[in-house]
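Enquirer: Listed here are the chains, written in short residue letters.
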Amino acid sequence: MNSQQKGNKEEVLVIRDLYKSFGNKHVLKGIDFDLFKGENVVIMGQSGTGKSVLIRIIAGLVEPDKDMVKVFGQEVDKLDRKELIKLRLKIGFLFQHNALYDSMTVRENLEFPLIKNIRNITQDKINEAVDDVLDAVGLAETADQYPSELSGGQEKRIAIARTLILKPEIILYDEPTSALDPITSVEMNNLINQVKKRYKTGSIIITHDLTCARTTGDSILMLNEGKFIRKGNFEEVFDTDNEVVKGFYDYYFIK
Amino acid sequence: MNTVSQPDKNIISKRVDRFFIDLYSVTRFALLFFKEAVTPPYEFQETIKQCFYIGFKSLGLITVTSFIIGMVFTDHSRPALADFGATSWLPSLTGAAIIKALAPLITSLICAGKIGSQIGAELGSMKVTEQIDAMEVSGINPFKFLVVTRIIATTFMVPVLMFYSAFIGLTGSFMDIHFADQASFTMFIHDVFIKIDWKEIISAVVRTVFFGFTIGLIGCYEGFNATKGTVGVGKAANSAVVIIMLLIFIEEMTIVKLFR
Numbered sequence: 001m002n003s004q005q006k007g008n009k010e011e012v013l014v015i016r017d018l019y020k021s022f023g024n025k026h027v028l029k030g031i032d033f034d035l036f037k038g039e040n041v042v043i044m045g046q047s048g049t050g051k052s053v054l055i056r057i058i059a060g061l062v063e064p065d066k067d068m069v070k071v072f073g074q075e076v077d078k079l080d081r082k083e084l085i086k087l088r089l090k091i092g093f094l095f096q097h098n099a100l101y102d103s104m105t106v107r108e109n110l111e112f113p114l115i116k117n118i119r120n121i122t123q124d125k126i127n128e129a130v131d132d133v134l135d136a137v138g139l140a141e142t143a144d145q146y147p148s149e150l151s152g153g154q155e156k157r158i159a160i161a162r163t164l165i166l167k168p169e170i171i172l173y174d175e176p177t178s179a180l181d182p183i184t185s186v187e188m189n190n191l192i193n194q195v196k197k198r199y200k201t202g203s204i205i206i207t208h209d210l211t212c213a214r215t216t217g218d219s220i221l222m223l224n225e226g227k228f229i230r231k232g233n234f235e236e237v238f239d240t241d242n243e244v245v246k247g248f249y250d251y252y253f254i255k
Numbered sequence: 001m002n003t004v005s006q007p008d009k010n011i012i013s014k015r016v017d018r019f020f021i022d023l024y025s026v027t028r029f030a031l032l033f034f035k036e037a038v039t040p041p042y043e044f045q046e047t048i049k050q051c052f053y054i055g056f057k058s059l060g061l062i063t064v065t066s067f068i069i070g071m072v073f074t075d076h077s078r079p080a081l082a083d084f085g086a087t088s089w090l091p092s093l094t095g096a097a098i099i100k101a102l103a104p105l106i107t108s109l110i111c112a113g114k115i116g117s118q119i120g121a122e123l124g125s126m127k128v129t130e131q132i133d134a135m136e137v138s139g140i141n142p143f144k145f146l147v148v149t150r151i152i153a154t155t156f157m158v159p160v161l162m163f164y165s166a167f168i169g170l171t172g173s174f175m176d177i178h179f180a181d182q183a184s185f186t187m188f189i190h191d192v193f194i195k196i197d198w199k200e201i202i203s204a205v206v207r208t209v210f211f212g213f214t215i216g217l218i219g220c221y222e223g224f225n226a227t228k229g230t231v232g233v234g235k236a237a238n239s240a241v242v243i244i245m246l247l248i249f250i251e252e253m254t255i256v257k258l259f260r
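Those protein sequences? They're chains U and Y, same order as listed. Letter 167 of the first sequence, counting from 1, is numbered 167 in the UniProt record's numbering, and no numbers are missing. Letter 193 of the second sequence, counting from 1, is numbered 193 in the UniProt record's numbering, and no numbers are missing.
So that you can see chain U by itself, here it is in the shape it has in the complex:
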């Protein structure tokens, strides 16, 4: 593994001086950021501040303008397609709207990345892996259902199961509790923590949900106008007079 040791922590992702613009709109303006194995980092911020763009750059879905993004010691934008595919297998991505393949059953959704990425994998191994991730998200009974037959919370869980199927070392969650009711949101937060514990993943969680941030985040970063304006644990981040940060907190607790 190419990741670096920093003290007792194993660094899996390093971002330095990341810039991204769309036309005249400067979305990210010099982002620095590290992620360690077994750590959940929450990124918060207003809509349109570039949170989703940031994780899409990490996954190699969007090209940065200027940057240094190292995942497991490899610079993402310097990799050829073959190397990028290899690296992506170590990164799981939970999309905001789940992005389950709606023409496939839950089982087929989970089998698909395995069949396409692992040559000569046996059906027994596939079944074992599928059963393991379905067990991890607690939805073994949905294996033969289509995504359209699942509830919003179940779809999210299956989407997490699909990110886990290739045993990634980093998971990028894009608004994991969006469009979920409070009870299902709490279940989702618990699941994110269970995943971290069971699979020892390093995760980035994009959210507007303060309960999700408080429950799942080992550290929280507040993004505003393309830069991180606060870093720390939940209490440290929200103990401030900054209007934007206070606005988040006050809105959430209806002050």
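Simulated from the structure, these hints should not be mistaken for lab results. Glycine included, C-beta positions come from ideal geometry on N, C-alpha and C. It cannot be assumed that every hint is accurate.
Label-pair restraints from in silico Cβ distances [unchecked claim]:
hint: 1; chain 1: Y; residue 1: Asp17; chain 2: U; residue 2: Val62; range: 19 to 27 Å
hint: 2; chain 1: U; residue 1: Leu61; chain 2: Y; residue 2: Asp22; range: 52 to 60 Å
hint: 3; chain 1: U; residue 1: Gln145; chain 2: Y; residue 2: Asp22; range: 39 to 47 Å
hint: 4; chain 1: Y; residue 1: Val242; chain 2: U; residue 2: Gln145; range: 33 to 41 Å
hint: 5; chain 1: U; residue 1: Asp241; chain 2: Y; residue 2: Asp22; range: 51 to 59 Å
hint: 6; chain 1: Y; residue 1: Ser184; chain 2: U; residue 2: Gln145; range: 52 to 60 Å
hint: 7; chain 1: Y; residue 1: Ala37; chain 2: U; residue 2: Glu108; range: 22 to 30 Å
hint: 8; chain 1: U; residue 1: Lys125; chain 2: Y; residue 2: Pro41; range: 17 to 25 Å
Think about it this way: if two alpha-carbon atoms lie no more than 25 Å apart in a straight line, the pair counts; the simulated BS3-like pairs of lysine-lysine are [claimed, not checked]:
hint: 9; chain 1: U; residue 1: Lys82; chain 2: Y; residue 2: Lys35
hint: 10; chain 1: U; residue 1: Lys78; chain 2: Y; residue 2: Lys35
hint: 11; chain 1: Y; residue 1: Lys228; chain 2: U; residue 2: Lys25
hint: 12; chain 1: Y; residue 1: Lys14; chain 2: U; residue 2: Lys25
Some chain U residues near chain Y, calculated using beta-carbon distances under 10 Å [what the hints assert, rightly or not]:
hint: 13; residue: Gly60
hint: 14; residue: Lys86
hint: 15; residue: Leu89
hint: 16; residue: Ala99
hint: 17; residue: Leu100
hint: 18; residue: Asp102
hint: 19; residue: Val244
Please build the complex by placing chain Y on the supplied structure of chain U, with the hints as guidance.
Expert: Then chain Y, alone, in the frame of chain U:
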């Protein structure tokens, strides 16, 4: 003197720019198809699945349309030939019309409407719901899996469907002639093929290969580049059909002139 106002000029220049940008993008998309089609790994299973869907799903519509067109065309042609006492030429006329022109065009236009729009909508919906990005981050090449397989399937299946359409069209024509003139099947087939040579059959196959490629290419291009949610999906399906039909007529004219 009539002058073009400034806003009109801008609209025209924007449309011209758009046309050339689209032409460039489609050309790049087509070149990427050829590159990915010859580079392993190959998606044999998915290609066969797409061939089956494309062929099977169009069969019903092609059967009904081709049979009716074969029968109605024969029926409409009879009075004109009867004026010259030439009703015995009816099998040759309808055979030439069906094999040379109607079967390739009917098949391709039906596939443009049914398959082209379906591919545009399916890939468009996968694009806007991030399913294509999900494939990308799972280490799967979505272009190879979704685009290459569909373009190969349409390129291969449209000529096959053209032969089927010709067979059904000729059956409709034979039934009309048989019930009106009591012509035998052997005589009908003999008269149909007496005026058709291999060059014309090859021309029909070549045309449908191009039409099939166009259906797959434009359907996939529009779907793969869909934007703006459900509106974008509808637009992708609609644009796919309109552009494919236009291109089919342009290709038809060009290839017919070249083969003559």
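Enquirer: Output the indices of the hints that this structure fails to meet, ascending.
Expert: 2, 19
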